[in-house]
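Residue numbers (my numbering), protein chains in the order written: chain A, 1 to 229; chain B, 230 to 483.
For the record, the hints were derived by calculation from the structure and aren't laboratory data. Heads up, a few of these hints could be off.
If we take Cβ atoms under 7 Å as the criterion, some of the chain A residues that face chain B in the derived model are [as the list claims (entries may be wrong)]: (1) Glu129; (2) Leu136; (3) Ser137.
It should be emphasised that the depicted structure is a prediction, and the values quoted were computed from it without experimental measurement. The C-beta atom is built at its ideal place from N, Cα and C for all residues, glycine as well.
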Amino acid sequence: MNFATIGHNIVKLTIKYWDKFLLTGMGYTLSLAAITVAVGAILGSLIALLRMSKFPPFRWIAGIYTEIIRGTPMLLQLYLFYFALPQLIPFLNRKQYLCVAIALVCNSAAYVSEIIRSGIQAVDIGQTEAARSLGLSQRLTMTQIILPQAVKNILPALGNEFIMIVKDTSLASTFFIGDLMTQCLLIKGTTYLTMEPLIMVAVVYFVLTFVLSKLLAVFERRLRRGDIR
Amino acid sequence: MATSDKLIQVQDLKKYYNGDQIKALDGVSVDINRGDVMVIIGPSGSGKSTFLRSLNLLEVPTSGSIIFEGTDITKKKGPDGKKLNIDLHRQKMGMVFQHFNLFPHKTILQNMTLAPIKVKGVPQAEAEAKARDLLDRVGLADRADAYPIQLSGGQKQRVAIVRALAMEPDVMLFDEPTSALDPEMVGEVLDVMKKLARQGMTMVVVTHEMGFAREVGNRVLFMDDGKILEQGSPDEIFNHPQNPRLKDFLSKVL
Numbered sequence: 001m002n003f004a005t006i007g008h009n010i011v012k013l014t015i016k017y018w019d020k021f022l023l024t025g026m027g028y029t030l031s032l033a034a035i036t037v038a039v040g041a042i043l044g045s046l047i048a049l050l051r052m053s054k055f056p057p058f059r060w061i062a063g064i065y066t067e068i069i070r071g072t073p074m075l076l077q078l079y080l081f082y083f084a085l086p087q088l089i090p091f092l093n094r095k096q097y098l099c100v101a102i103a104l105v106c107n108s109a110a111y112v113s114e115i116i117r118s119g120i121q122a123v124d125i126g127q128t129e130a131a132r133s134l135g136l137s138q139r140l141t142m143t144q145i146i147l148p149q150a151v152k153n154i155l156p157a158l159g160n161e162f163i164m165i166v167k168d169t170s171l172a173s174t175f176f177i178g179d180l181m182t183q184c185l186l187i188k189g190t191t192y193l194t195m196e197p198l199i200m201v202a203v204v205y206f207v208l209t210f211v212l213s214k215l216l217a218v219f220e221r222r223l224r225r226g227d228i229r
Numbered sequence: 230m231a232t233s234d235k236l237i238q239v240q241d242l243k244k245y246y247n248g249d250q251i252k253a254l255d256g257v258s259v260d261i262n263r264g265d266v267m268v269i270i271g272p273s274g275s276g277k278s279t280f281l282r283s284l285n286l287l288e289v290p291t292s293g294s295i296i297f298e299g300t301d302i303t304k305k306k307g308p309d310g311k312k313l314n315i316d317l318h319r320q321k322m323g324m325v326f327q328h329f330n331l332f333p334h335k336t337i338l339q340n341m342t343l344a345p346i347k348v349k350g351v352p353q354a355e356a357e358a359k360a361r362d363l364l365d366r367v368g369l370a371d372r373a374d375a376y377p378i379q380l381s382g383g384q385k386q387r388v389a390i391v392r393a394l395a396m397e398p399d400v401m402l403f404d405e406p407t408s409a410l411d412p413e414m415v416g417e418v419l420d421v422m423k424k425l426a427r428q429g430m431t432m433v434v435v436t437h438e439m440g441f442a443r444e445v446g447n448r449v450l451f452m453d454d455g456k457i458l459e460q461g462s463p464d465e466i467f468n469h470p471q472n473p474r475l476k477d478f479l480s481k482v483l
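In isolation and in its complexed conformation, chain A is listed as follows:
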C-alpha cells in the first residue's frame, strides 16, 4: 500500500460512489444539522428564558436540564434516545432518523440556552438601569435595549455551535442513519477498503465546515459594519 495506490483508489471510489456520498450522505448530514440548529435554537431560547425566570422552580428545571446534558457524553444521549424513546412513545418505533434528530436537538438546546443566557447577561447592567430609570418596562428594556446588544454576542457563538453540530451528526452513523459517516461505513463494507472512504468523508466534512465558517465570518463582518461603535 502506498500513497499512489490510495490516491488512485480514492479517485476510483469517488467516481463510483459520488452520488452516494455527495447526494445521500450530505443530504442526511446537512438536513440533520439544519433541523438540530433550527429546533435547537427555538428550544434553547425557551430554556434560556426559563433559566432567567423570576420563578425559582423554572430556573432549577432549566439549570438541571442544562447540567445533565452538558455533563453526559453525547453518544450516551444518542443511545438513550434511540433505545428508550420508542419504548416510551410507540409512535417513534422504527423512526430512527427522528429519534436521532430529537437527541441532537435536546443536546444542542442545552448549549444554545447557555450561549443565549451568557450573551444576554454580558450586556452591561448599567444599560438595564438606564432604561428602567427612564420608565421603560422590563419587557421594553429587554426588546429595545438588551436583546439588540445581546444578539451581537450570541450570533458568532451560535455559528460555532452550528459547525459543531455538522460534525456531531457523524455520531448518528452509530445507528446507520444515512449521513456521511454512515456512507463511509457502507463503502468500507462493500469494498474492504478502510483508509480511502475515511479520507473521502474527511474531505467532505472539512469542505462543509470550512465553507460554513467562511460564510459565518462574512455574516459577522456585516453585523459589525452595521454597528458604528
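Given chain A, work out where chain B should sit, using these hints.
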C-alpha cells in the same frame, strides 16, 4: 418656589445586605423640597450612592418608605389599591449615572426619543423636535445622528442629562456624574448642571465636586456609615462643620 412643598419624603430608610451584616443605609430620613438642589457628600462606601439609587428603587430598600409626590413607592400597592407601577414614577425621576449608560446601538437622537415615544406615546416628530432643542441647549445639536462611541466623555454625559430631561421629570438624580470624566471635561458637565439648577429643577446630586456643592447646592448632606451625620446650608457645612467626621472628611478633600 414654595420651599415647604415636599417632593420626596424619605422616612427611616434602611438597606441591609446579608441579613443585617452590612448596613448600606441605616435609617435615613430627609425631605426633599421642590426646587431643592441637594448635594450629598461623604467618603466612598458611606451609602450616598445607595441612597440615591433607592430613590427610584434601582436599589430596593430593606425597610422604610419613600413618599414621592404623595405616593409611597416602596409599597406593592398604590393609594388606589391597585398594584403600584414603579415605571410611572420613574418617568418623573430622571437619573444620570457615573458611567453615562447611553445605549450604544442607538444614535444620540434615538437615545433621547426612545422613552418619550415608547413610554409616554409622544409622536415621533414631536419627540425629535424636543430632543433637538434640548441638544441645542447643551451645544450638541450637530451630534444628533452620531453614535455614543463617537462622543467624548463630557459630551456623553451631557447627552445622558438631556436624555433624562426629555422625559420632563420632576426631579433629577445625579450619581457621581463627573467621577468618570477626564479633568478637562468636568467643567462642561457641571455647567449644564448649574444651568439646570438655575432653571429651578429639583436635583439630588451625589458628588465629590465640593466647589459645585458650595456654589450650586442649597442644602448639603454629609453621610457616613449609612447615616446622615450632618446637614445644612453649604455655608454651615463647609465653613462651620460640627461633626468631627465631617471636619475630618473636609480636611482631606478641601
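Each hint, compared with the structure:
Restraint check, Glu129(A) versus chain B: the minimum CB separation of about 6 Å is within 7 Å; hint holds. Because the smallest distance between the Cβ of Leu136(A) and any Cβ of chain B comes to about 6 Å, under 7 Å, the interface hint for this residue holds. Checking Ser137(A) against chain B by beta carbon gives a least distance of about 5 Å; that is within 7 Å, so the hint holds.
The structure is consistent with each of the numbered hints, conforming to all of them.
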